[in-house]
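Protein chains: 2
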Amino acid sequence: MEGASGSVAGTAKNGGAAGLTVALFDRRLERGLSEEQCLRVRGEYGSFRADICSAFGISSNETFVVCTTDRKEVTDANLSVLVQNGTTLYILTSADQLLSSATKEKIDFIPHYDTLVKSGMYEYYASEGQNPLPFALAELIDNSLSATANNPGMRNIQIRLLFDETHGKPAVAVIDNGKGMSPTQLKNWAIYRLSKFTRHVDALRDEGGYVRPPPVPRSLNSDISYFGVGGKQAVFFVGQSVRIITKTSNVQDVHEFILSKEDFEKKEKNRESIYSGFIRNRKQTDSSHILDDERYLHNLIFEEKGKSSFTAVIITGVQPVHMQYLKNFFHLWTKQLAHIYHYYIHGPKGNDLTVTKGNARPANKIDVEIFMYEKGKTLKIVNLREIMEDMQTLYINSAAESFEFKALVGGDGVVEGVMRYHPFLYDSETYPEDPYFSPSGEDFDLDDDCFIVERGARGKRPVFECFWNGRLIPYTTIEDFDWCALPKKRGLVPVECYNRISGVLFANDKFEVSTNKLTFLDLSLKLKDKNTLFTRIIKGQEQRMKIDKEFASWVKDCHTKYDKQIKYIGFVDSISRTDI
Amino acid sequence: MEGASGSVAGTAKNGGAAGLTVALFDRRLERGLSEEQCLRVRGEYGSFRADICSAFGISSNETFVVCTTDRKEVTDANLSVLVQNGTTLYILTSADQLLSSATKEKIDFIPHYDTLVKSGMYEYYASEGQNPLPFALAELIDNSLSATANNPGMRNIQIRLLFDETHGKPAVAVIDNGKGMSPTQLKNWAIYRLSKFTRHVDALRDEGGYVRPPPVPRSLNSDISYFGVGGKQAVFFVGQSVRIITKTSNVQDVHEFILSKEDFEKKEKNRESIYSGFIRNRKQTDSSHILDDERYLHNLIFEEKGKSSFTAVIITGVQPVHMQYLKNFFHLWTKQLAHIYHYYIHGPKGNDLTVTKGNARPANKIDVEIFMYEKGKTLKIVNLREIMEDMQTLYINSAAESFEFKALVGGDGVVEGVMRYHPFLYDSETYPEDPYFSPSGEDFDLDDDCFIVERGARGKRPVFECFWNGRLIPYTTIEDFDWCALPKKRGLVPVECYNRISGVLFANDKFEVSTNKLTFLDLSLKLKDKNTLFTRIIKGQEQRMKIDKEFASWVKDCHTKYDKQIKYIGFVDSISRTDI
Ligand SMILES: Nc1ncnc2c1ncn2[C@@H]1O[C@H](COP(=O)(O)OP(=O)(O)OP(=O)(O)O)[C@@H](O)[C@H]1O
Ligand SMILES: Nc1ncnc2c1ncn2[C@@H]1O[C@H](COP(=O)(O)OP(=O)(O)OP(=O)(O)O)[C@@H](O)[C@H]1O
Ligand SMILES: [Mg+2]
Ligand SMILES: [Mg+2]
Numbered sequence: 008m009e010g011a012s013g014s015v016a017g018t019a020k021n022g023g024a025a026g027l028t029v030a031l032f033d034r035r036l037e038r039g040l041s042e043e044q045c046l047r048v049r050g051e052y053g054s055f056r057a058d059i060c061s062a063f064g065i066s067s068n069e070t071f072v073v074c075t076t077d078r079k080e081v082t083d084a085n086l087s088v089l090v091q092n093g094t095t096l097y098i099l100t101s102a103d104q105l106l107s108s109a110t111k112e113k114i115d116f117i118p119h120y121d122t123l124v125k126s127g128m129y130e131y132y133a134s135e136g137q138n139p140l141p142f143a144l145a146e147l148i149d150n151s152l153s154a155t156a157n158n159p160g161m162r163n164i165q166i167r168l169l170f171d172e173t174h175g176k177p178a179v180a181v182i183d184n185g186k187g188m189s190p191t192q193l194k195n196w197a198i199y200r201l202s203k204f205t206r207h208v209d210a211l212r213d214e215g216g217y218v219r220p221p222p223v224p225r226s227l228n229s230d231i232s233y234f235g236v237g238g239k240q241a242v243f244f245v246g247q248s249v250r251i252i253t254k255t256s257n258v259q260d261v262h263e264f265i266l267s268k269e270d271f272e273k274k275e276k277n278r279e280s281i282y283s284g285f286i287r288n289r290k291q292t293d294s295s296h297i298l299d300d301e302r303y304l305h306n307l308i309f310e311e312k313g314k315s316s317f318t319a320v321i322i323t324g325v326q327p328v329h330m331q332y333l334k335n336f337f338h339l340w341t342k343q344l345a346h347i348y349h350y351y352i353h354g355p356k357g358n359d360l361t362v363t364k365g366n367a368r369p370a371n372k373i374d375v376e377i378f379m380y381e382k383g384k385t386l387k388i389v390n391l392r393e394i395m396e397d398m399q400t401l402y403i404n405s406a407a408e409s410f411e412f413k414a415l416v417g418g419d420g421v422v423e424g425v426m427r428y429h430p431f432l433y434d435s436e437t438y439p440e441d442p443y444f445s446p447s448g449e450d451f452d453l454d455d456d457c458f459i460v461e462r463g464a465r466g467k468r469p470v471f472e473c474f475w476n477g478r479l480i481p482y483t484t485i486e487d488f489d490w491c492a493l494p495k496k497r498g499l500v501p502v503e504c505y506n507r508i509s510g511v512l513f514a515n516d517k518f519e520v521s522t523n524k525l526t527f528l529d530l531s532l533k534l535k536d537k538n539t540l541f542t543r544i545i546k547g548q549e550q551r552m553k554i555d556k557e558f559a560s561w562v563k564d565c566h567t568k569y570d571k572q573i574k575y576i577g578f579v580d581s582i583s584r585t586d587i
Numbered sequence: 008m009e010g011a012s013g014s015v016a017g018t019a020k021n022g023g024a025a026g027l028t029v030a031l032f033d034r035r036l037e038r039g040l041s042e043e044q045c046l047r048v049r050g051e052y053g054s055f056r057a058d059i060c061s062a063f064g065i066s067s068n069e070t071f072v073v074c075t076t077d078r079k080e081v082t083d084a085n086l087s088v089l090v091q092n093g094t095t096l097y098i099l100t101s102a103d104q105l106l107s108s109a110t111k112e113k114i115d116f117i118p119h120y121d122t123l124v125k126s127g128m129y130e131y132y133a134s135e136g137q138n139p140l141p142f143a144l145a146e147l148i149d150n151s152l153s154a155t156a157n158n159p160g161m162r163n164i165q166i167r168l169l170f171d172e173t174h175g176k177p178a179v180a181v182i183d184n185g186k187g188m189s190p191t192q193l194k195n196w197a198i199y200r201l202s203k204f205t206r207h208v209d210a211l212r213d214e215g216g217y218v219r220p221p222p223v224p225r226s227l228n229s230d231i232s233y234f235g236v237g238g239k240q241a242v243f244f245v246g247q248s249v250r251i252i253t254k255t256s257n258v259q260d261v262h263e264f265i266l267s268k269e270d271f272e273k274k275e276k277n278r279e280s281i282y283s284g285f286i287r288n289r290k291q292t293d294s295s296h297i298l299d300d301e302r303y304l305h306n307l308i309f310e311e312k313g314k315s316s317f318t319a320v321i322i323t324g325v326q327p328v329h330m331q332y333l334k335n336f337f338h339l340w341t342k343q344l345a346h347i348y349h350y351y352i353h354g355p356k357g358n359d360l361t362v363t364k365g366n367a368r369p370a371n372k373i374d375v376e377i378f379m380y381e382k383g384k385t386l387k388i389v390n391l392r393e394i395m396e397d398m399q400t401l402y403i404n405s406a407a408e409s410f411e412f413k414a415l416v417g418g419d420g421v422v423e424g425v426m427r428y429h430p431f432l433y434d435s436e437t438y439p440e441d442p443y444f445s446p447s448g449e450d451f452d453l454d455d456d457c458f459i460v461e462r463g464a465r466g467k468r469p470v471f472e473c474f475w476n477g478r479l480i481p482y483t484t485i486e487d488f489d490w491c492a493l494p495k496k497r498g499l500v501p502v503e504c505y506n507r508i509s510g511v512l513f514a515n516d517k518f519e520v521s522t523n524k525l526t527f528l529d530l531s532l533k534l535k536d537k538n539t540l541f542t543r544i545i546k547g548q549e550q551r552m553k554i555d556k557e558f559a560s561w562v563k564d565c566h567t568k569y570d571k572q573i574k575y576i577g578f579v580d581s582i583s584r585t586d587i
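Residue numbers (our numbering), protein chains in the order written: chain A, 8 to 587; chain B, 8 to 587.
Heads up, some of the hints might be wrong.
No copy labels: a pair is met if it fits in one copy or bridges any two.
No farther apart than 27 Å at their CA atoms in a straight line, the calculated lysine-lysine pairs in the DSS-like style are these [to be verified]:
1. Lys-495 <-> Lys-467
2. Lys-535 <-> Lys-467
3. Lys-496 <-> Lys-556
4. Lys-413 <-> Lys-568
5. Lys-387 <-> Lys-312
6. Lys-467 <-> Lys-268
7. Lys-290 <-> Lys-571
8. Lys-372 <-> Lys-387
9. Lys-334 <-> Lys-537
10. Lys-496 <-> Lys-314
11. Lys-113 <-> Lys-276
12. Lys-467 <-> Lys-537
13. Lys-113 <-> Lys-290
14. Lys-268 <-> Lys-203
15. Lys-467 <-> Lys-276
16. Lys-273 <-> Lys-113
17. Lys-467 <-> Lys-496
18. Lys-382 <-> Lys-276
19. Lys-384 <-> Lys-563
20. Lys-113 <-> Lys-274
21. Lys-268 <-> Lys-535
22. Lys-334 <-> Lys-535
23. Lys-546 <-> Lys-372
24. Lys-314 <-> Lys-563
25. Lys-111 <-> Lys-176
Treat the hints as calculated values from the structure; they're not laboratory data.
Computed from a prediction, not measured in an experiment: that's the story for all the values here.
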């Protein structure tokens, strides 16, 4: 019997060149619990109906309707719209007939390609007037940090802004000399939410399970990949298409893969598999496939020569608004990147300018360099390590003294902390200004001094910036802890001394961050838990004394030793007059 | 020739019961640019190799190796691990031979199921000590609000916490009497990132393109679905499995669909299609398929009787930590939900207790009810409208007067705003306390009054809470605008009057929110843009006068009319004494 392919329990076989296959349930009233049958659909409704009659033994003069599970009746006019491969259909006496028994309708629900294409679009958000673009670029630097973690020599990460349109359409490239990816790993790159934790389960041929790196100071372990989404989010936040070019050291081939919004749209339109694509495997330096509008890639590919392993992530279709920002605010966003990676590029002690330059460099040197190519302009180059105006550099170098501590949360949660004292010197505070908060210079010139006291020095800023595995999580800040908060009763020092303290927290991977790496999920809650144990650290040694006492006396010492003039404040003033 | 299925340009055909199909590139040095051939793999390496020889015309004494694109040599021992259906292989003279010409390797990169299962896990985060769970529940309420938007009669949304384990395993159910879903729509529910904007492109049988609702006061348009991720994120944040039961009014069938973490894991293990599943279509009230551990569903399904349309989202595998929180902090999280939906449940003017109760109810009534079932305890029920301690109720009812305005941003961006004055009465501020900020009662008892002045009334809280399409976006707050900020020069009123103002902003859908609906992406930036036009609104009429003048005189009026005692503040005090 032509057309009928027999009963397939619960599934409609996919494919089949001779037409669509549908699953049919006979649910006319008198029929009982029969299973579905699969049927091939011939050209039009008439022959399909005839096939149904013979498959289900329905006499040709019996009245029945064929319906979708949405209860739309199939006719010759709508057959091609209502019936697709795998569609489930009912045979009923009428379209609104009750189902005599339940049916099982097979559905497919592969995530829409916006999962990738829009993954970053609503993730990076502006706060305090900041443009979130640097946070997207940071995801790509994160990946390069992870990839170069075990480099035997120097670690080089370059961001190249290819904005000279005489060399091809604008592109943003992030290139590193890390371990690269095999074709399997490159495929895994494209699999949304495939993380280092799930990867070994999924891909038999991959390098195996995840091994957590051993603890290091400030948790600078370069282990920043976590969710399997960062690269995709970042790329599609910045542009519309990405080309990855990569090579591992043990194989001579270079692997290339392109993911693009346009491609996805085309595949959807042509009803092709959305999540299928091609990796190009080729010889090193072979750029014969590159088209003219990306001709800058010839150079980039030529540079492969002699490189043992590398990865280049090249974003095209860059949003004009992002291009404008990258061009016009070069100074601002490079400074912000220098802030995010401060402790990676300067080492655990940060950018302490009082230490001789040569010694300050961390053993395993990380160069993060930005190159901006613009038409008719000279190439701009900056190594993030050269930037001296990032907030951490300012904090470190305006501090008179620091107070180190450690917090233990649960079994494995470790947070290292540093607080720094920025003294008052003669006629002004040395606390660095943060451009994202209204600078104290703009403050109120009221008679009423009270406001200046509160906003002076740190102002409304919280005390602590927070790092996760050594990387700044920009939107989580912590105001204070019980033991270092402004005391409720008059303390040992004037209240404004508490406004002269900045702080940094370094959390390890036992604390969770949101997928966009903008916020911690639970750092504040966990640290404020009553079971959290804080100890002061002096020269690497944990101190026995209670931390609140230690801290209070540290603040007092700082005040006595470093504040060079006691500042006049409102009420003290009025009291003294009363005494006259 | 058995096994060889001929050259298929660029694709390895899927399926085929008689064995795996692989794509082979002959890239031995002397060969040129030949395309790949597809070959069926017979049982073991020996016969596979023989098939290769005959397909590529290789004489049996020639030496060659078969490699994966990762350059692992295929042997009899590893064949079953290295070679899967669709794998691309090379024929080479040696495993490390250079590729004579590039190859195209077909890959599939369907998103990992963690896309769904972990979608919410790292999205809802704690801020200011808040538990983010209410924000996950809010996503389900959002969906029910959208679904009931066009209800002719009352709109009923119930959250049932089924925590009486004598009735089955714990579950959280969200049930509404909205329009329900057809099988196609139910399938679309499960498609991650399929939003109302992309849906009509994707599903020919769906109800068609998205129509933006007309503007309404406070943008209370119930149009809160946006990204196609909220429901999935919420469900898998709360638990491990979800069952959706739904019915539309035009069809008698009820449709059920289950999505579960365990299911995904099983499918992965068995190498079945990850994103395939079954919808159960059945008669109303038919619960014959329900197993004993979910026996509470018999009742729930029995309730279907007589309902024309509805949707029930039933989450099981509820995380113990969430169950504890829901039980122990019932009062807190219900209050928070009342806050999030304040203007939906009370109407555009909010919960003004001075207006007679009956009149205050919005025309299209929305009941959001919470039911908590616990073993051996009496059922707890609360209608969110009955809650009187949510922040908005407190703000509205402690306000002496309000100041309304409107902001126009670009062409379509509309923000309505209300500011409220909370006067000082005799010996205390009437500004309501927010439990998430340190209450002013805990303030410093220093001699030094300055701190109390700054922290009094509103304290460190920003002025504005922000709503999007009428729904609170909890983590975006706005400090102030130029025209309503504390003036830099002494103004018309004492500075502390500016701390007696609370505010609300209602943004329409031209402003973007993050996918977790916790933050606006750009509200603050856009409002602070110099082209943003603010006008005061009095009785629905836009006022011509400059808003900064209007505002300053409003504050002055409020101060004069409502503040019942001028509060003593530091400096004023000392000046008066000097005069004596
Ligand atoms: N520059 C690179 N060099 C080598 N491998 C890389 C590089 N960038 C990405 N990868 C690989 O691709 C995977 C996916 O990267 P992606 O940033 O999308 O997610 P992730 O880093 O795993 O997790 P997260 O969401 O935390 O960023 C990484 O885990 C890594 O294995
Ligand atoms: N209670 C419900 N009643 C009817 N339809 C619903 C209901 N809940 C969800 N849906 C349908 O399922 C779709 C997916 O819901 P989901 O919350 O996952 O995403 P969304 O609401 O479209 O977007 P967002 O990410 O903004 O929440 C909705 O667009 C809606 O069509
Ligand atoms: Mg990453
Ligand atoms: Mg939703």
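Here is what the structure says about each hint:
1. Lys-495 <-> Lys-467: Close inside one copy (18 Å) and across copies (17 Å); limit 27 Å.
2. Lys-535 <-> Lys-467: both (20 Å within a copy, 20 Å between copies)
3. Lys-496 <-> Lys-556: For Lys-496 and Lys-556, only the intra-copy Cα distance (14 Å) is at most 27 Å; the inter-copy one is 41 Å.
4. Lys-413 <-> Lys-568: Within one copy, since 25 Å is at most 27 Å while 53 Å is not.
5. Lys-387 <-> Lys-312: within (25 Å within a copy, 71 Å between copies)
6. Lys-467 <-> Lys-268: neither (43 Å within a copy, 44 Å between copies)
7. Lys-290 <-> Lys-571: Neither: 67 Å inside a chain and 83 Å across chains, both beyond 27 Å.
8. Lys-372 <-> Lys-387: within (22 Å within a copy, 61 Å between copies)
9. Lys-334 <-> Lys-537: The answer is between: 22 Å across copies meets 27 Å, while 48 Å in one copy does not.
10. Lys-496 <-> Lys-314: Classified as neither; 64 Å inside a copy, 63 Å across copies.
11. Lys-113 <-> Lys-276: both (23 Å within a copy, 20 Å between copies)
12. Lys-467 <-> Lys-537: The answer is both: 26 Å in one copy and 24 Å across copies each meet 27 Å.
13. Lys-113 <-> Lys-290: between (45 Å within a copy, 18 Å between copies)
14. Lys-268 <-> Lys-203: both (25 Å within a copy, 19 Å between copies)
15. Lys-467 <-> Lys-276: neither (53 Å within a copy, 53 Å between copies)
16. Lys-273 <-> Lys-113: Answer is both; intra-copy 26 Å and inter-copy 17 Å each pass.
17. Lys-467 <-> Lys-496: both (21 Å within a copy, 20 Å between copies)
18. Lys-382 <-> Lys-276: neither (37 Å within a copy, 54 Å between copies)
19. Lys-384 <-> Lys-563: neither (53 Å within a copy, 55 Å between copies)
20. Lys-113 <-> Lys-274: both (23 Å within a copy, 15 Å between copies)
21. Lys-268 <-> Lys-535: neither (44 Å within a copy, 32 Å between copies)
22. Lys-334 <-> Lys-535: Between copies, since 22 Å is at most 27 Å while 42 Å is not.
23. Lys-546 <-> Lys-372: within (24 Å within a copy, 65 Å between copies)
24. Lys-314 <-> Lys-563: neither (56 Å within a copy, 71 Å between copies)
25. Lys-111 <-> Lys-176: Close across copies (25 Å), not inside one copy (51 Å); limit 27 Å.
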